[in-house]
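J.: Sequence:
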Amino acid sequence: MSNTLTIRLPKELLDRLRQVSRQSGLPVGRVVRQSLETTLSQEERKPLLHFAGLIKGGPRNISSRKGFSRE
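Every letter in the sequence shown is one number past the one before it in my numbering, and letter 27, counting from 1, is 676.
To be clear, the hints were calculated from the coordinates, so they are not data collected in a lab.
Quick caveat: nothing in here was measured; it's all calculated off a predicted structure.
We put the beta carbon where it would ideally sit given N, CA and C, even for glycine.
One or more hints might be untrue.
Stated by the list, open to error - Label pairs and their computed distance ranges (CB to CB):
1. T687 x L663: 14 to 22 Å
2. D664 x E693: 24 to 32 Å
3. E693 x K660: 15 to 23 Å
4. Q672 x M650: 28 to 36 Å
5. R665 x Q691: 25 to 33 Å
6. R657 x T688: 15 to 23 Å
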């Protein structure tokens, strides 16, 4: 069973969507669904990313301070 979703798109985004649809020969709806599936599956692969930077401790500027690398 499918559901209908109505969204408002800026003209530029709609133009790009229609262009991809024409180039691929796929209906606009299918291009949108594939884009959503791709985006959502990428998000599912990064389940811990929202924790990045939350752990306290250690120097805050480790990427720029000298003396923390293994030389």
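J.: The hint says 14 to 22 Å between T687 and L663; measuring C-beta to C-beta, is that right?
T.: Check passed, 19 Å falls within 14 to 22 Å.
J.: Does the Cβ distance between R665 and Q691 fall inside 25 to 33 Å?
T.: violated, 19 Å
J.: May I ask you to test the hint 15 to 23 Å on the CB atoms belonging to E693 and K660?
T.: violated, 31 Å
J.: Verify the CB-CB distance for Q672 and M650 against the hinted window 28 to 36 Å.
T.: holds, 30 Å
J.: Given a hint of 24 to 32 Å, does the C-beta separation of D664 and E693 actually sit inside it?
T.: holds, 30 Å
J.: Starting from the hint 15 to 23 Å, judge whether the C-beta atoms of R657 and T688 obey it.
T.: With Cβ atoms ~18 Å apart, the hint holds.
Going down the numbered hints, you'll see the structure goes against 3, 5, while the others check out.
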